Amino acid sequence: MYNPQLDQHKKLKHLLTIEGLPKATLLQILDTAETFIGVNEREVKKVPLLRGKTVCNLFFENSTRTRTTFEIAAKRLSADVLNLNVSTSSQSKGETILDTVNNLIAMHSDMFVVRHNQSGAAHFIAQHVPDHISVINAGDGRHAHPTQGLLDVFTIRRYKPDMHNLRVAIVGDVLHSRVARSEIHALTTLGVPEVRVVAPNTLLPADVHKLGVQVFHDMQAGLKDVDVVMMLRLQNERMSGALLPSAQEYFKTYGLTPEKLALAKPDAIVMHPGPMNRGVEIDSRVADGAQSVILPQVTYGIAIRMAVMALLAGGHNA
Amino acid sequence: MYNPQLDQHKKLKHLLTIEGLPKATLLQILDTAETFIGVNEREVKKVPLLRGKTVCNLFFENSTRTRTTFEIAAKRLSADVLNLNVSTSSQSKGETILDTVNNLIAMHSDMFVVRHNQSGAAHFIAQHVPDHISVINAGDGRHAHPTQGLLDVFTIRRYKPDMHNLRVAIVGDVLHSRVARSEIHALTTLGVPEVRVVAPNTLLPADVHKLGVQVFHDMQAGLKDVDVVMMLRLQNERMSGALLPSAQEYFKTYGLTPEKLALAKPDAIVMHPGPMNRGVEIDSRVADGAQSVILPQVTYGIAIRMAVMALLAGGHNA
Amino acid sequence: MYNPQLDQHKKLKHLLTIEGLPKATLLQILDTAETFIGVNEREVKKVPLLRGKTVCNLFFENSTRTRTTFEIAAKRLSADVLNLNVSTSSQSKGETILDTVNNLIAMHSDMFVVRHNQSGAAHFIAQHVPDHISVINAGDGRHAHPTQGLLDVFTIRRYKPDMHNLRVAIVGDVLHSRVARSEIHALTTLGVPEVRVVAPNTLLPADVHKLGVQVFHDMQAGLKDVDVVMMLRLQNERMSGALLPSAQEYFKTYGLTPEKLALAKPDAIVMHPGPMNRGVEIDSRVADGAQSVILPQVTYGIAIRMAVMALLAGGHNA
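As they're listed, the protein sequences go chains A, B and C.
If you use the working numbering, the first sequence closes out at 426, no skipped numbers anywhere.
If you use the working numbering, the second sequence closes out at 426, no skipped numbers anywhere.
If you use the working numbering, the third sequence closes out at 426, no skipped numbers anywhere.
Only chain A is shown next, with the shape it has when bound in the complex:
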C-alpha cells in the first residue's frame, strides 16, 4: 500500500496520520523523543539540529495552544519559525492553498506544520510539495492529530512500559475527535491488547467497531479494571446541541469523578489532551489528583514534536 508518509527506504518523510505507520517508525519516534526529554530539562534548552532551517506554522484555523507547542519545539531545535495565520491574509485575497504553499516553498521553507478545519488538508499539501519538504499534520478536521496521538502513547509507555498487558479506555466524544482516532491507531500498532471506547451512541462514529475497539456506553462497565483512562474534550458547541441534553447531564453520566475512577485499577493513570472543561468531562479532583498525568503529557508533547521534526529534517540530510 502506498504510504505518502514514508519514502522508498521506509524513512519518515511526512507525519500526516498514525494510521498505516509501521510499528518500527512509531518506536523510532518514541525512542528519539526520549533523547529530547533531557534537552528540555537543561539550563540551555537548545540544540542546533535545525539551525538555518525555516519552519512554517501554517494555521488555517486558529489554535494558539497547538501552535505554541510546535513553535517551542522548533525554536529549541534552533530553527527559524514563521507563524502564518492564513485565514486572515492570502486566503481572503482569493489565493488557493497550493499557491500559498508554493510561495512559501519558493522562499525556501523546509517544513510545514499544517492546521486546517478540513480533513485531508495536510495530505493534500504533502502530495504537492517537492521531495525535500516535510509536512506535519497539526490537526485536520475530524481526521487526525498524530503528534497528540504519539505523545499519548509516549506518556503511557513511560508510566506503563509493558504495553502488551494494558487495558485502555478512551472516554467521550469519539465522533468529533481527531485525537481519538490517532490514539486508537497508535495503541493498536504498539500492541495494546484491549482498547475500549466509552461514550453515548450519539458521540460514536458509525464505523466504530471497525477500529478494533470494544464499545461501552456505561462508565461502570467501561472503566472496570483499566490501566489507563484517556478522557476526550467535549467541545462547547456539542454541549447545547442536538447530540446531548446538557453539560450537567453529560458530567453526571460520563464526567470522570473520583468515584468513577475508583472502578479502574488502583494505579491507573488519567489523561486528557487539553484544554480541559473542568466540571464537564472531568472533575477537578481527578484532573489535579495523584493519578493525573495530564501535565506530563504536555511536557512529553514538546519532546515528541522535537523528535518528529528532527527525524524529518535528518531524513533529508542522510
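Note that these hints are calculated values from the structure, not bench results.
Please note that a few of the clues may not be correct.
Copies of one chain are not kept apart here, so a pair can be met inside one copy or by any two copies together.
To be verified - Taking lysine-lysine and the DSBU-like style, the derived pairs with C-alpha atoms no more than 35 angstroms apart in a straight line are:
(1) K154 to K318
(2) K154 to K118
(3) K154 to K119
(4) K131 to K318
Since the structure is predicted, the reported quantities are computational estimates derived from the model, not experimental observations.
Given the coordinates of chain A, work out where chains B and C should sit on it, guided by the hints.
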C-alpha cells in the same frame, strides 16, 4: 511581612509590584540596568544571559507597545520569546488561567511576563508557579506596572542623581493609573522627600493621602518649584465620561503647556509613560521640548527590563 | 535633485521608491542579491550580517505575505525581528505615527520595514528618523513597492540578461498598482528600450504617457513579439465596481490565456507579483506553464530583500 517577590535569601524571585520592595533590591535593579545601557548602544545588541530560556509574553489584554519592550529585552538577552495573546485562544475555549499557565510550565517555560486587565492577576499566577519560574507583572488592572515605575525612577536618577533633594509632581489621572502607584512607591522608597499629586478630585483615589504624597488640585501651586513633572496618560474612555467635562476643558486646566511648565524649576525634567495624547494632557511644545525626557524613558525601559529578567534568571542559577 | 534615499556619498540610506534611484545603485542591489541566492540554497540558510540588529516590520495595513518575505530575509541575516501590526494598537490609542516610530527608535531599532495604505508614509517616516536608521518601503498606497520592482527586474535579468534588447508588456490594473510604477521606473533605468502597458482606459492613470511607456488597449497588439509579460493583480474591489463590467468579461479581454501568450515571442517569460486571481487576470495553464517564472520571482524576492537590508546596514557601518 510575607513578600512573594523575594525568596528566603531576600533575592528577587518575581517582580509584581514596587510596593514592599526593599530599597536594596530597587537599587540593585537600577544598578544592573546601568550595565545594560551600553549593550543597547553596541553594534551587536545581544548578550547570551538567557540563551536557551523560554520567556512567555502572556497577554490577557492587548498591548503591542508593552509587549514590544519585553520582547526586545528578552531577545537581546538571547531568550526564545513566545507571544501569547490569550484572550483569543484558550480562554475562549473555557480553560482557566491556571491551566494555561500550568501547560506553559509543563513545556518548560522559564519566565512569564503577564498583562491582565484585572488587578492581582500576576500575583495570582506567581503564587501558583513552582520555585524555578519567575513572573513579571506587565500591568494588572489599576494596580501596578512595576517596570514602568522602575524605568521612571531610573530616568530621574540619571538626570537628577541627588534623589534626597527632589520635589516631584505627578499630574493627572492618578485614580485609574497603575503607573502612578508604582511611581509613588519607588520614589518614596528611594528617599525622594516630596512627592506631589496634582489632579481634580474625580481623578484621585479616596485613599490618596495614605500614599505619603501631597495633594494639589491646582497646577499653579502643584508645579511650583518642582524638579520633575511626571504627566499621566488620560485614557480616551475618561474624556467623555462622567468624571470630566471634556478633553478641551481638561487640557485648559491640567494640560502641561510651556506656561505651566515655567512654574517648575528652570532645569525641571518632563516625563510621560506614553502613549501621549498630545493636546489633551500635554502640549506638543513641551512633549518635544528641551526639558522632555520622554524618549530617554523608553530607552531606559529596555535596560530596566533586561536587568529585571537577568536578575530573575540569575537568582535561580546561583 | 535631493534624493532622501541616498546619503552625501551616494550610498543607499533608505529604500523608498525606485524613481530617482541611479542606475549604479540599482545594479549594486541586483549584484548583491546574486550573492544571496546561494545562501538561500545552503543547508544552513543563515549569515551573521545583521546579528544583534533589531528590524521592525511596521505594518499599518495587514499583509502576511509581504511581512513574511521581510521576516524571512531579516532572520536569515540573523537580525532580531519585531512584527508590529500598528492598526490594532497604539494608533487606536490616539498616538501619532511619529510617536510610534520615535518610541521604537528609542528602543534602539535599526531598521523599519513600513507598509501603509497611504502614499508617502514611508517617505514621511524616513524624513524624521536619525541618520543611523534605515527605512524600507514595503508598499504605500498606490505609490511604490520598490522591493517588488527590484525583484521583477532581477528576475528579468536572470532570464533575459541582455536588457538593452527587450520588449516588456505590463498588463492590467496600472492605475491602482504600486507595483507597476516601481517596475516601469526600474526597467527604464536599466535601459529596457520598449516598455508597454496594456489595459483599458479605466485602469490607466491620466498621466500614463509621462511614464515613458507605449500604451495599448488591446492584448493582440500589446503582446505582439514581447520578451516579457508582466501581469498585474486585479484587486477584488475593482471587479464589481464601476471601472469594470465583470471579472468574467475582464478575463475574456485581458486575462492571459495560452492563446494570447502565443502572440509573444516563443521564449517569452510570464510574471505576476502575486497573489494571483486564477481565471481573472491569468489562466492556470499559463500560471503553471513552462513560460511562467512566477515562483522564481518569489525566490528572488528573498535574495533582493536580504541584499537591500545588508546594503542599508552596511552603509552605516562603513
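The hints, checked one at a time:
1. Taking the closest pair of Cα atoms, K154 and K318 never come within 35 angstroms of each other, the shortest separation being 43 angstroms inside a single copy and 49 angstroms across copies.
2. In this homomeric assembly, K154 and K118 come within 35 angstroms of each other (Cα to Cα) both inside a single copy, at 29 angstroms, and across copies, at 31 angstroms.
3. Both within a single protomer and between protomers do K154 and K119 lie at most 35 angstroms apart by alpha-carbon distance, with minima of 25 angstroms and 27 angstroms respectively.
4. Proximity of K131 and K318 under a CA criterion of 35 angstroms is satisfied intra-copy only: 20 angstroms inside one chain copy versus 69 angstroms between copies.
Comparing the model with each numbered hint stated earlier shows that hint 1 is the single one that does not hold.
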